[in-house]
Amino acid sequence: MTGLVYGLMALGLSVIFGVVRVVNFAHGEMMTLAMYLTLVAFSALKLDPLALLVPIAAALFVFGYLLQIGLINPFINRPEHSQFMLLVAVAIILVNVQLIVFGPDAQGITTPYSFDSFQLGPVIVDAAKVYAAVAALAVSGALFAFFRFTLTGKAIRACADNYDGARVVGLNVKRLYALTFGLGSACVGAAGTMLMVMGDVTPAIGPAYTLLAFVIVITGGLGSMPGALLGGLLIGVTEALGGVLFVPSAKSMFAFGLLVLVLLFRPQGILGRKST
Amino acid sequence: MKRRQFNKAIAATAALAAVPAAVPYVRAQAQKLRVGVLLPRSGVQAGIGQDCHRGVEVATKVLADMGLPSLDIMNGDTESNVDVARARAERLISEGAQLLVGAFDSGQTTAIAQVAEQRGIPLVINIAAAPPITEQGYKFVFRNFATAPMILGDAFANQLEIFSVTGNAPKTAVFMHVNDTFGAAMQKGFTGVMSKFPQIPYKMVDTIAYDPAARDLSVEVSKAKASGAEALVMVSRLNDAILITRELVKQRWNPMSVLSMGPGWYEDQYLRTLGKLSDGPMSFVPWYDPNKKLTKQLEAAHNKAFKDINLNTNHVYTFEALLVAADAFKRAGSAEPKALADAIRATNIKDNVSPGPGIQFDAKGQNSALKNSAIQNRGGKLVTVAPKEAANAKPELPMRPYNKR
Numbered sequence: 028m029t030g031l032v033y034g035l036m037a038l039g040l041s042v043i044f045g046v047v048r049v050v051n052f053a054h055g056e057m058m059t060l061a062m063y064l065t066l067v068a069f070s071a072l073k074l075d076p077l078a079l080l081v082p083i084a085a086a087l088f089v090f091g092y093l094l095q096i097g098l099i100n101p102f103i104n105r106p107e108h109s110q111f112m113l114l115v116a117v118a119i120i121l122v123n124v125q126l127i128v129f130g131p132d133a134q135g136i137t138t139p140y141s142f143d144s145f146q147l148g149p150v151i152v153d154a155a156k157v158y159a160a161v162a163a164l165a166v167s168g169a170l171f172a173f174f175r176f177t178l179t180g181k182a183i184r185a186c187a188d189n190y191d192g193a194r195v196v197g198l199n200v201k202r203l204y205a206l207t208f209g210l211g212s213a214c215v216g217a218a219g220t221m222l223m224v225m226g227d228v229t230p231a232i233g234p235a236y237t238l239l240a241f242v243i244v245i246t247g248g249l250g251s252m253p254g255a256l257l258g259g260l261l262i263g264v265t266e267a268l269g270g271v272l273f274v275p276s277a278k279s280m281f282a283f284g285l286l287v288l289v290l291l292f293r294p295q296g297i298l299g300r301k302s303t
Numbered sequence: 010m011k012r013r014q015f016n017k018a019i020a021a022t023a024a025l026a027a028v029p030a031a032v033p034y035v036r037a038q039a040q041k042l043r044v045g046v047l048l049p050r051s052g053v054q055a056g057i058g059q060d061c062h063r064g065v066e067v068a069t070k071v072l073a074d075m076g077l078p079s080l081d082i083m084n085g086d087t088e089s090n091v092d093v094a095r096a097r098a099e100r101l102i103s104e105g106a107q108l109l110v111g112a113f114d115s116g117q118t119t120a121i122a123q124v125a126e127q128r129g130i131p132l133v134i135n136i137a138a139a140p141p142i143t144e145q146g147y148k149f150v151f152r153n154f155a156t157a158p159m160i161l162g163d164a165f166a167n168q169l170e171i172f173s174v175t176g177n178a179p180k181t182a183v184f185m186h187v188n189d190t191f192g193a194a195m196q197k198g199f200t201g202v203m204s205k206f207p208q209i210p211y212k213m214v215d216t217i218a219y220d221p222a223a224r225d226l227s228v229e230v231s232k233a234k235a236s237g238a239e240a241l242v243m244v245s246r247l248n249d250a251i252l253i254t255r256e257l258v259k260q261r262w263n264p265m266s267v268l269s270m271g272p273g274w275y276e277d278q279y280l281r282t283l284g285k286l287s288d289g290p291m292s293f294v295p296w297y298d299p300n301k302k303l304t305k306q307l308e309a310a311h312n313k314a315f316k317d318i319n320l321n322t323n324h325v326y327t328f329e330a331l332l333v334a335a336d337a338f339k340r341a342g343s344a345e346p347k348a349l350a351d352a353i354r355a356t357n358i359k360d361n362v363s364p365g366p367g368i369q370f371d372a373k374g375q376n377s378a379l380k381n382s383a384i385q386n387r388g389g390k391l392v393t394v395a396p397k398e399a400a401n402a403k404p405e406l407p408m409r410p411y412n413k414r
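So the sequence lines, in the order shown, correspond to chains L and G.
Here the first sequence stands for residues 28 to 303, where the numbers follow this note's numbering.
Here the second sequence stands for residues 10 to 414, where the numbers follow this note's numbering.
None of these hints come from the bench; they were simulated from the model.
Among these hints, one or two may not hold up.
As the list claims (entries may be wrong) - Restricting the straight-line Cα-Cα distance to at most 25 Å, the calculated cross-link-like pairs of lysine to any residue (SDA-like) are:
#1 234(G) to 201(L)
#2 234(G) to 73(L)
#3 413(G) to 139(L)
#4 181(L) to 191(L)
#5 232(G) to 201(L)
#6 390(G) to 158(L)
#7 197(G) to 280(L)
#8 197(G) to 279(L)
#9 73(L) to 232(G)
#10 201(L) to 78(L)
#11 285(G) to 102(L)
#12 390(G) to 288(G)
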């Protein structure tokens, strides 16, 4: 179930890369930003984090939109290493701002269901993870529907498929790129809100989440939306099974082992398309 | 610029560049000892690193009250990373640190010890339990903290006392440990030291190692629960202790006791974060002797500075590392590294805070006379439950089930 939330986080990365062709190296740090926003909003408003999901996602949408318009657009046609350095710089700035504002200690929130669990026969299921997984599925479904059924969603897909063609037919590509970056960031915002239900946040965990998002999207297929969700699920299940059946301290090794296998036998990822 | 002016500028620059060469002489005459304090103040161990730093903040006043010389503290953040720890140690020495203190974590401390020895600058370890640090034949490394076998030996002795006092004892236990330098050292020592205590009533049914940076420990706890053990023996850090407690509640597992042989379970952040769920675990750790005069002095200064935070191991041993530094500086009458190291080696502090006869170092630079205590979390406070000569409360065993609090 945690894998579904990770999948939603990776979905944001996949959407951004699939359309804008920029790899967001500040992805994990943006998620910790969402987690801190959830923490602050929860402390101030005493609202359930799941009720904060939409406002936090909206806040991250605005953040992503402005980031794309103000910083990333000028780098769109620059070499990839320039884009890489830009986003790494954004990541470092985010980590340090979070350290200054919130300090290095792990911080969490306690909801009325934080310690609840469901008993299904011999299996005990964490209630918070169930709620978060359901919310992750709902947000992913809404995103799929947006891209499939709305005109704006279709326009974004057109940009992804053929950049020049989209410009020829008069689409405002810059605005659509900003919208896409905003949507990818909103996914991260929603995932961050759900992760606050399941655990604590420290500024230092951002890079680990960025790495995790890469592992998931590369496994599922970079640029593929269903691939990101599937990748999240697979990584989550692989870690859990690796921990239960073998050595818990090496569970990350199994996730990376899966990644290596995918890269060996299907380099484009499980649901990714071969580049032509 | 004319040629003559250019030559003058070059000469002036060269003169300025030559000044640092005179610094060692100036340092030797300094009124204050420049102490580089290396702690993990960010990263996964940030909470504990920040906590250790409270010991530094309180030390200045207490040391002054004791008539010891002032210390000029230079802070270095190891970022909970071994490579960063090594680099920060190098930098602090380059910036003029005459003695190093740190670094809470065994892996980071090992790296700093190598730098200290190479550069000939004394290192006084505040907290780090991996035995090899003082087994390398180093001449500039000193540790006023228990090694893993010392912690384990005292832990088993204190457990026997607690089982005897309460009349309750688990028959089986599962051992969970963080998979870092400290955790691995404890795990290695565990079986060997336990075999010296045949009276220990529980049998270890499983050993589970986990990643120190883990975000989710549900799999590890479910595996521990599945072992059917009555007690949970822990070697952990802070964040993982909180994660494990949450999982114990969620997975509806109420072990008879949590017996911790490391940090995490007695930290203030643990108590604050978990509230009533923090009650019950026992920690078998280097602690302080509440009856010593200096303890009362330190506790008063600490409570004044941090009124909502209990005095704990992190504060005490960081303070004592600075006490060793100030005492040696006073006796050496110099900040020259060799003289300082010789003075530290001859340390004989009776008026201290930690349990045992005081602070002295053996030929390896280890204070081997330290004693450890057993403490239990009770109502957001910490009470000492063993050994009985240092106890201020009776142990509670079994601990109250999580679902009945």
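Verify the proposed pairing of residue 197(G) with residue 279(L), using a straight-line Cα cut of 25 Å. 23 Å, holds
Restraint status (C-alpha distance of residue 413(G) to residue 139(L) at most 25 Å): 16 Å, holds
For residue 234(G) and residue 73(L), compute the direct alpha-carbon distance and say whether it is at most 25 Å. Measuring from Cα to Cα gives roughly 34 Å; hence the hint is violated.
For the pair supplied as a hint, residue 197(G) and residue 280(L), is the alpha-carbon distance within the 25 Å limit? 23 Å, holds
Tell me if the straight-line CA distance from residue 285(G) to residue 102(L) falls inside 25 Å. 52 Å, violated
Between residue 232(G) and residue 201(L), is the straight-line Cα distance small enough, at 25 Å or below? 51 Å, violated
Can you confirm whether the C-alpha distance between residue 390(G) and residue 288(G) stays at or below 25 Å? Holds, because 9 Å separates the two Cα atoms, which is no more than 25 Å.
Could you grab the alpha-carbon distance between residue 234(G) and residue 201(L) and see if it respects the 25 Å cut-off? 54 Å, violated
Taking only the CA atoms, is the gap from residue 201(L) to residue 78(L) under or equal to 25 Å? Roughly 32 Å between the alpha carbons, so the hint for residue 201(L) and residue 78(L) is violated.
For the pair we were handed, residue 73(L) and residue 232(G), check the Cα-Cα distance against 25 Å. 35 Å, violated
Hey, residue 181(L) versus residue 191(L), does the alpha-carbon distance stay inside 25 Å? Holds, because 16 Å separates the two Cα atoms, which is no more than 25 Å.
Would you mind confirming whether the straight-line C-alpha gap from residue 390(G) to residue 158(L) stays at or under 25 Å? Not satisfied, since the Cα-Cα distance of roughly 34 Å exceeds 25 Å.
Consistency with the previously given hints fails for numbers 1, 2, 5, 6, 9, 10, 11, ordered from lowest to highest.
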